[in-house]
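Can you build the whole structure from these sequences, using the hints too?
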Amino acid sequence: MRTRNTSKRPAQNPPEQSEDAAKAISPKSRDKRKGKLKVGLDHGSSVKACGTDDDAKECAPVKEEGEGENEGDAQTEMDWEDGDIPAMEGFAHELGKEVTVEFTDSPSSVEKRTSQRVSPEEKELAEVVHKVHLLCLLARGRMVDKACNDPLTQASMLSLLPSNLLKITETPNLTVDNLKPLVNWFHSNFQISTESVDKGSFESNVRFALQNQKGTAEEVAALSVVLFRALNLTARFVCILDVTSLKPDGGNQESHRLDTKAISSPIRNAPSTSLLNTKIDSCLTPRRNKRYKKETAPTSEKSDECAEEPKRKGDIEFEMQLQMALSATATTTKTTVHDSSSPAESSGVQRKLRGKSAIWSRSGPPLYWTEVYCSGETLNGRWIHVDAVNGIVDGEDKIEAAAAVCKRPLRYAIAFAGNGAKDVTRRYCLQWYKIAPSRVNMQWWDKVMAPLTELESVATGLGSINKDNTASNPTVGDKQLIGPGNHSRLDHISCSSNRSALEDMELETRALTEPLPTNQLAYKNHHLYAIEKWLTKNQTLYPRGPVLGYCSGNPVYPRSCVQILQTRQKWLREGLQVRANQLPAKIVKPSKKVVNSELSETSICDAEEQSKANLELYGKWQLEPLQLRHAENGIVPKNEHGNVEVWSEKCIPPGTVHLRLPRLVPVAKRLEIDFAPALVGFEFRNARTYPVFEGIVICTEFKDAILEAYAEEEERREAAEKKRDEAQALNRWFQLLSSIATRQRLKNSYAGPSSVSPLEEKSSSGKSGMVGNFKDEVKRPTIMISEDGHEHEHVFPVEDQIFDEETAVRTKRCPCGFSIQVEEL
DNA sequence: GTGAATTATCACTCTTTGCTGTTC
DNA sequence: GGAACAGCTTTGAGTGATAATTCA
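When we follow our numbering, the leftmost residue of the first sequence carries the number 107, and every step to the right adds one.
Bear in mind the hints are in silico, worked out from the structure with no lab data behind them.
Don't take every hint at face value.
As the list claims (entries may be wrong) - Beta-carbon label-pair distances, calculated as ranges:
hint : residue 1 : residue 2 : range
1    : GLU821    : SER844    : 33 to 43 angstroms
2    : LYS553    : THR913    : 48 to 58 angstroms
3    : ASN338    : LYS553    : 28 to 38 angstroms
4    : LYS553    : ALA607    : 16 to 26 angstroms
5    : TRP550    : ALA833    : 54 to 64 angstroms
6    : ALA833    : PRO731    : 48 to 58 angstroms
7    : GLN841    : PHE909    : 20 to 30 angstroms
8    : ARG679    : PRO649    : 25 to 35 angstroms
9    : ARG838    : THR913    : 15 to 25 angstroms
10   : SER265    : ARG665    : 49 to 59 angstroms
11   : ARG830    : ASN547    : 48 to 58 angstroms
12   : ASN295    : GLY651    : 51 to 61 angstroms
13   : ASN720    : GLY787    : 18 to 28 angstroms
14   : GLU824    : GLU905    : 35 to 45 angstroms
As the list claims (entries may be wrong) - In silico lysine-lysine, BS3-like type, Cα no more than 30 angstroms apart, as pairs:
hint : residue 1 : residue 2
15   : LYS320    : LYS305
16   : LYS553    : LYS676
17   : LYS237    : LYS252
18   : LYS756    : LYS744
19   : LYS853    : LYS918
20   : LYS726    : LYS229
21   : LYS540    : LYS553
22   : LYS504    : LYS540
23   : LYS504    : LYS252
24   : LYS692    : LYS726
25   : LYS630    : LYS643
26   : LYS504    : LYS630
27   : LYS775    : LYS828
28   : LYS676    : LYS643
29   : LYS775    : LYS853
30   : LYS643    : LYS553
31   : LYS809    : LYS828
32   : LYS553    : LYS229
33   : LYS676    : LYS639
34   : LYS775    : LYS726
35   : LYS553    : LYS237
36   : LYS353    : LYS643
37   : LYS353    : LYS504
38   : LYS828    : LYS744
39   : LYS630    : LYS237
40   : LYS540    : LYS676
For glycine and all other residues, C-beta sits at the position ideal for the given N, C-alpha and C.
As structure tokens, this is what we get:
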């Protein structure tokens, strides 16, 4: 009989059944409801425990110990204790086969909340998965980009193009209007298919799609890039990286969404989010793996582990509905909405799209498109958004709205060209503050993108990307391009850097001209704007202006006006001090703990004195470099505690030096040099903070003298230590060998001739040397038993002795073959 | 039904200058 | 007898982030 050991389980992991049951009922009814535990007896010995009556129907019976050990269900996640409940058996017989236990305690809201909290480990895991997924999707984008450079595909594409559209190649300054006929032709000739055909490689898939004029959204978008590149236009393949969420919970929700996509999505070759999660998860944490398995199981098509888990009723219903909806949609329309989360969602999306962004109603959320460089647009030319699949040109301002409607956050819009990539999210995202928290750490991302951006910049600067292998493979390098007599190439490089720089400027301008958010909360951590209401305790506005606008009556200031405030003490640690006659920028109440400690120490009771205990905060504009007292007459200036706080080099008083060496205090004392212990920090132990000292601070003029004395002292100390160690070693050897000798004497005295100690046996039979350190007193003849069984007294002739001067070990050898090594002290 | 505002909760940060017994 | 050293024991309030709830 096994029972649940709830004491071992953390509160964060309640039983899955209870959690599911909790979801099934509304929070209010859940709180009011009287808890009921239904216990069903199986064969009179097994008890199944379920959270509620309803749950009891779904709970599987608990197996006997040793039975069903390999089951990967949720029960294995529980800790069990062995125990007998004979009374229960008898009780069961009396009552029949079902025992109902009622309890009045309902799970507290705290426990429920706790169960939903994600641990730091889970956050870290989600970040790792996010990063790995990003790298995978970047690699995929590069692969698609490479396929768009295939000369055979491009030639095939040109063969389909009407001759009148070929004139676009003769246009000197390409504009949006020039592109429209071409895009319209593509739009009317290529369609999206829900079925993906795998021909072995993406290039083959694209060729197959070209042949049938039908393919997945990704393939058709790639074909549009093929078309533009075939016409010698500068074009980039752009896609939204639909990556797993940085947040564990978001990732779970998303995994469902993306799993659903895996059923109908044409992106079959892309690494599936759920699969990725499962694979990485299984490598990282088994505990998380179980959780992910459970969540991804209903819809993951490739995850074998997940398939083992029994599907829940709701999941089965969902799948049936999905299949029905897909089949119905397939019969009524020629093209289908690809990769929608669910029929309900897709219909909702369609409805919304009709209202807001009807242009994407044909193919669902925008995931792939093309950017064509139009030199005839604006003064210097610009990149034009072209969604040839949907026949849209220059629709960059609609992408964000369409993605939002389709619940597909626009976090990473990446343009691929020349085997490189560039983050162009800024071009399509107007509300950066919304996506910024869901993007990966900027430093990491910049580091990843830097080499790719360089490749992309070189490639797109060369005009046509596809015709020149050098361009598409810039690893050849700029050095080759800028060879002697290659001035035209040099111009191209210059053009490349100009074009790239102009685009960078454009994106940066967009970043700095983000519209003001309409909700107050958005200003809390907004990178550009701030309102006073959401400033933290240690922040203030300086200067108070300019006011950029208003949100719910609150003036909006530039984020650059937000200044960090700190106490005088804190600024001192940074080598800064408050200028004279400066009033505190802000006065805040200190923590009760600080006030209490101060009150107890100084007996400050009245309100006036208490107000003095308030924390006065100052801003950076009120500071000047720290001016410490100079050391005079060999005396180190110290604080009220008699030490020097060394938070940084700036905190060391002029004319002094900090020596970070141990055991300096006795030396300084002996030389009668003034010094101060160097406080380098605090350590929190036993509910108290303790100062941490490291070395001392002395006047600079004593530095050499004290170091010299320190070196001598250390030498003396090391010599003494060595001497002590040697004496100790000698003593221990003596004790060891004495005990061996005593043992041997006892053996010889009391043991019979046949009994041989293991030590003797080893020495005689193996004829090997025995390392020892026999002192002179151990000189008595050693009687051993030789191989032939005869008693034999070893003798060590002087001529058979070898002395190793390096190790001071003398090897003595008996004619019988026995040898012994003696370390001479 | 949706989005904004408010509230509740949790995890993380900050705090900040001994005492006592034992050994050498 | 004095100096040096090791061990002790494991805060708690404030704050920001975030989820849940309420409100418009």
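Each hint, compared with the structure:
1. Checked against the given bound of 33 to 43 angstroms, the beta carbons of GLU821 and SER844, roughly 34 angstroms apart, stay inside it.
2. Between LYS553 and THR913 the beta carbons are some 54 angstroms apart, a value that agrees with the proposed interval 48 to 58 angstroms.
3. The given range of 28 to 38 angstroms is respected by ASN338 and LYS553, whose C-beta atoms sit roughly 34 angstroms from each other.
4. Hint check: LYS553 to ALA607, Cβ distance near 20 angstroms, so the stated range 16 to 26 angstroms holds.
5. The supplied range of 54 to 64 angstroms is met by TRP550 and ALA833, whose beta-carbon atoms lie about 57 angstroms from each other.
6. Taking 48 to 58 angstroms as the suggested C-beta distance range, the pair ALA833 and PRO731 conforms, at roughly 56 angstroms.
7. The hinted window of 20 to 30 angstroms between GLN841 and PHE909 holds, with their beta carbons roughly 25 angstroms apart.
8. The hint said 25 to 35 angstroms for the Cβ distance between ARG679 and PRO649, and at roughly 26 angstroms that hint holds.
9. Checking the proposed 15 to 25 angstroms range against ARG838 and THR913 shows it holds: the Cβ atoms sit about 19 angstroms from each other.
10. Between SER265 and ARG665 the Cβ separation comes to about 55 angstroms, which falls inside the hinted range of 49 to 59 angstroms.
11. Taken as a hint, the range 48 to 58 angstroms holds for the pair ARG830 and ASN547, whose Cβ atoms sit roughly 53 angstroms apart.
12. Separated by about 57 angstroms at the C-beta atoms, ASN295 and GLY651 satisfy the suggested range of 51 to 61 angstroms.
13. A C-beta distance of roughly 26 angstroms is found between ASN720 and GLY787, which places it inside the suggested range of 18 to 28 angstroms.
14. Between GLU824 and GLU905 the CB atoms are about 41 angstroms apart, so this pair conforms to the stated range of 35 to 45 angstroms.
15. For the suggested pair LYS320 and LYS305, the alpha carbons sit about 14 angstroms apart, so the restraint of at most 30 angstroms is met.
16. Of the supplied pair hints, the one linking LYS553 and LYS676 is violated, its CA atoms being roughly 33 angstroms apart against a limit of 30 angstroms.
17. Our distance criterion of 30 angstroms between C-alpha atoms is met by LYS237 and LYS252, whose separation comes to about 23 angstroms.
18. With a CA separation close to 15 angstroms, the supplied pair LYS756 and LYS744 stays within the 30 angstroms bound.
19. The straight-line distance between the Cα atoms of LYS853 and LYS918 is roughly 23 angstroms, inside the 30 angstroms bound, and the hint therefore holds.
20. Under the criterion of a C-alpha separation no larger than 30 angstroms, the hint pairing LYS726 with LYS229 is inconsistent with the structure, at around 35 angstroms.
21. Between LYS540 and LYS553 the CA atoms are separated by roughly 23 angstroms; this keeps the pair inside 30 angstroms, and the hint holds.
22. Annotation: proposed proximity of LYS504 to LYS540 holds, straight-line Cα distance about 16 angstroms (limit 30 angstroms).
23. Restraint check for LYS504 and LYS252: satisfied, since their Cα atoms lie roughly 28 angstroms apart, inside the 30 angstroms limit.
24. For the suggested pair LYS692 and LYS726, the alpha carbons sit about 13 angstroms apart, so the restraint of at most 30 angstroms is met.
25. Pair hint LYS630 plus LYS643 holds up; C-alpha atoms about 13 angstroms apart against a cutoff of 30 angstroms.
26. Restraint check: the Cα-Cα separation between LYS504 and LYS630 comes to about 27 angstroms, which is no more than 30 angstroms; the hinted pair holds.
27. For the suggested pair LYS775 and LYS828, the alpha carbons sit about 25 angstroms apart, so the restraint of at most 30 angstroms is met.
28. The suggested pairing of LYS676 with LYS643 holds, with an alpha-carbon distance near 15 angstroms, which does not exceed 30 angstroms.
29. At most 30 angstroms may separate the alpha-carbon atoms for a hinted pair to count; LYS775 and LYS853 exceed this at roughly 59 angstroms.
30. With a C-alpha separation of about 34 angstroms, the suggested pair LYS643 and LYS553 falls outside the 30 angstroms cut-off, and the hint is violated.
31. Between LYS809 and LYS828 the CA atoms are separated by roughly 28 angstroms; this keeps the pair inside 30 angstroms, and the hint holds.
32. A threshold of 30 angstroms between alpha carbons decides the hint, and for LYS553 with LYS229 the separation of about 22 angstroms falls inside it, so the pair holds.
33. Proximity of LYS676 to LYS639 is assessed by CA-CA distance (about 25 angstroms); at most 30 angstroms being required, the pair is judged to hold.
34. A threshold of 30 angstroms between alpha carbons decides the hint, and for LYS775 with LYS726 the separation of about 41 angstroms lies outside it, so the pair is violated.
35. Straight-line distance between C-alpha atoms of LYS553 and LYS237 comes to about 12 angstroms, which keeps the hinted pair within the 30 angstroms bound.
36. Of the pairs offered as hints, the one joining LYS353 and LYS643 holds, with about 27 angstroms between alpha carbons and a cut-off of 30 angstroms not exceeded.
37. Taking the CA atoms of LYS353 and LYS504, the gap is about 27 angstroms. The hint holds against a cut of 30 angstroms.
38. Distance hint between LYS828 and LYS744 is unfulfilled; the C-alpha atoms sit about 38 angstroms from each other, more than 30 angstroms.
39. Note on LYS630 and LYS237: the hinted pairing holds, with a Cα-Cα distance of about 26 angstroms set against a maximum of 30 angstroms.
40. The suggested pairing of LYS540 with LYS676 is violated, with an alpha-carbon distance near 34 angstroms, which exceeds 30 angstroms.
Hints 16, 20, 29, 30, 34, 38 and 40 from the list above are not met by this structure, while the remaining hints are.
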